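Protein chains in written order, with my numbering: chain U, 1 to 199; chain S, 1001 to 1180.
By construction, these hints were calculated from the structure, which means they are not laboratory data. Check each hint, because a few of them may be wrong.
Said to hold, decoys possible - Chain U is faced by these chain S residues, among others (derived, beta-carbon under 10 Å): (1) S1027; (2) S1118; (3) V1137.
To be verified - Some residues of chain U that are not near chain S, with every Cβ distance over 12 Å (derived): (4) M22; (5) T23; (6) A26; (7) S106; (8) H107; (9) P148; (10) A149.
As the list claims (entries may be wrong) - Have a look at the derived ranges for each label pair, beta carbon to beta carbon: (11) S106(U) <-> L1069(S): 47 to 55 Å; (12) G1159(S) <-> A149(U): 41 to 49 Å; (13) D1129(S) <-> E147(U): 24 to 32 Å; (14) L1035(S) <-> R194(U): 41 to 49 Å; (15) P1028(S) <-> E195(U): 36 to 44 Å; (16) P1028(S) <-> R77(U): 20 to 28 Å; (17) G1063(S) <-> H107(U): 55 to 63 Å; (18) T102(U) <-> P1028(S): 22 to 30 Å; (19) A1039(S) <-> R194(U): 48 to 56 Å; (20) E195(U) <-> T1120(S): 53 to 61 Å; (21) M134(U) <-> S1121(S): 55 to 63 Å; (22) G1130(S) <-> H107(U): 47 to 55 Å; (23) R48(U) <-> A1014(S): 18 to 26 Å.
As the structure is a computational prediction, the values presented were derived from the model and not from experiment. We put the CB at the ideal spot given by N, CA and C, even for glycine.
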Amino acid sequence: MARVGTASVTPLPVRGYNWATMTDAALVRAALDGDSGAFTTLVDRHLRVCLRFATRMLGSVEDAEDATQETFLRAHRALARYDGSTEFRTWLISILLNRCRTMLRSHGRRSAVIVADDRAVASAAARSLLDDEMLRDAIERAVARLEPAQREAFLLRHVEQLSYEEMHQATGVGISALKMRVQRACDRLQGLLREDRHA
Amino acid sequence: MRDFDETTMSVELARAIRVLREGAEPSPALRDRLLRELAEAPRPAGRAPRVWTIRPWAAVAAGLCCVVLGGSAVALFSERHLDVARVTADVVPATVRFRFDASGAGRVALAGDFNAWSPTSLPLTRAPDGRTWVIDVPLSPGRYAYAFVVDGVLRQDPGAPRATDDDFGAPSSVVLVRGS
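Given these sequences and hints, build the entire structure.
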């Protein structure tokens, strides 16, 4: 784990430096020193990951875009609080997680609709899964049927490919509990996909 | 504990994961909207501008002020005991003493809202007992989130309330400084 301290902070390069080759930590320092292009580079590096995670978590592109946008704005406001003890991506995801959890709480209805929509799942499963789009839909519906905590752990581990240590840093949940959630999510997801195949 | 990986999971699950890793390409509209919002947002707080401009007469005036105020402060504190407090209670105007017990630590610093969460700008001094680390920090009345940086790792103050808004991945405590 990267440690807080002077050694973890890369010196600010001179103006005109190529942002694309700078580390996230150096970009944060440059952004704090007023270099707005540096934060734009951070946006470009992490926007896709944040949007993908939020889309899978929230099940709605519109909500995911809102959560992602709010995450970057909050990160920008709180940039001085990024201490370098974790990867910038992990820190960003910790903010995004909070946004997603808040939205899931306030949009409980939406989650319930997805979970309760068994007829739609069965209907989709009855058709051929050879079509890529239908396969994607079936997988996304199955993921949406996971409990939010399991879905969160599964997506962080297997889709965003965070280590358990990074997941712990981002979620604040213990590593054993996270492993258990991932395991249960995998079991459940395999069951759902098997049902789909046999339907 | 058993841990899933792609070599042991079912074909269906492995395929699902590959599918889930694709897609969700951000639309140019989202990026544009976000960058517009960022352009209108205030600059990230916490660091002084790099370039200062100051007029000569202002520098002279500031110097005089420092002499007058500094002299007053010396006169005041030489007569009064500097009363400092742990956290929320008994906070004396201007100065708060932060203490942290860490006998095995090599370096302890204070990071918080008041120093832009710099991990190095406010180092604590080891007390004669070899266990307690101390620093006195002048603070204006207000609410500040803070944490100790112990050998490079952020630690919450065990003797202070935890900040409720520390949703940025690091534990922090809160100190309330009352006015006189």
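Status of the hints after comparison with the structure:
1. S1027: 8 Å, holds
2. S1118: 8 Å, holds
3. V1137: 17 Å, violated
4. M22: Holds: least Cβ distance 17 Å, greater than 12 Å.
5. T23: 17 Å, holds
6. A26: 14 Å, holds
7. S106: 16 Å, holds
8. H107: Check passes; 19 Å lies beyond 12 Å.
9. P148: About 16 Å separates P148(U) from the closest Cβ of chain S, which puts it past 12 Å; holds.
10. A149: Label holds. Min Cβ-Cβ 16 Å, cutoff 12 Å.
11. S106(U) <-> L1069(S): 47 to 55 Å: 50 Å, holds
12. G1159(S) <-> A149(U): 41 to 49 Å: Cβ of G1159(S) to Cβ of A149(U): about 32 Å, so the range 41 to 49 Å is violated.
13. D1129(S) <-> E147(U): 24 to 32 Å: Distance hint for D1129(S), E147(U) is violated at roughly 50 Å.
14. L1035(S) <-> R194(U): 41 to 49 Å: Check passed, 44 Å falls within 41 to 49 Å.
15. P1028(S) <-> E195(U): 36 to 44 Å: Once the Cβ atoms are compared, 38 Å apart, the range 36 to 44 Å for E195(U) and P1028(S) holds.
16. P1028(S) <-> R77(U): 20 to 28 Å: 24 Å, holds
17. G1063(S) <-> H107(U): 55 to 63 Å: At 59 Å between Cβs, range holds.
18. T102(U) <-> P1028(S): 22 to 30 Å: Taking Cβ atoms as reference, T102(U) and P1028(S) lie about 27 Å apart, which means the hint holds.
19. A1039(S) <-> R194(U): 48 to 56 Å: 49 Å, holds
20. E195(U) <-> T1120(S): 53 to 61 Å: Once the Cβ atoms are compared, 56 Å apart, the range 53 to 61 Å for T1120(S) and E195(U) holds.
21. M134(U) <-> S1121(S): 55 to 63 Å: 57 Å, holds
22. G1130(S) <-> H107(U): 47 to 55 Å: 54 Å, holds
23. R48(U) <-> A1014(S): 18 to 26 Å: 22 Å, holds
Checked against the numbered hints above, the structure breaks hints 3, 12 and 13 and satisfies the rest.
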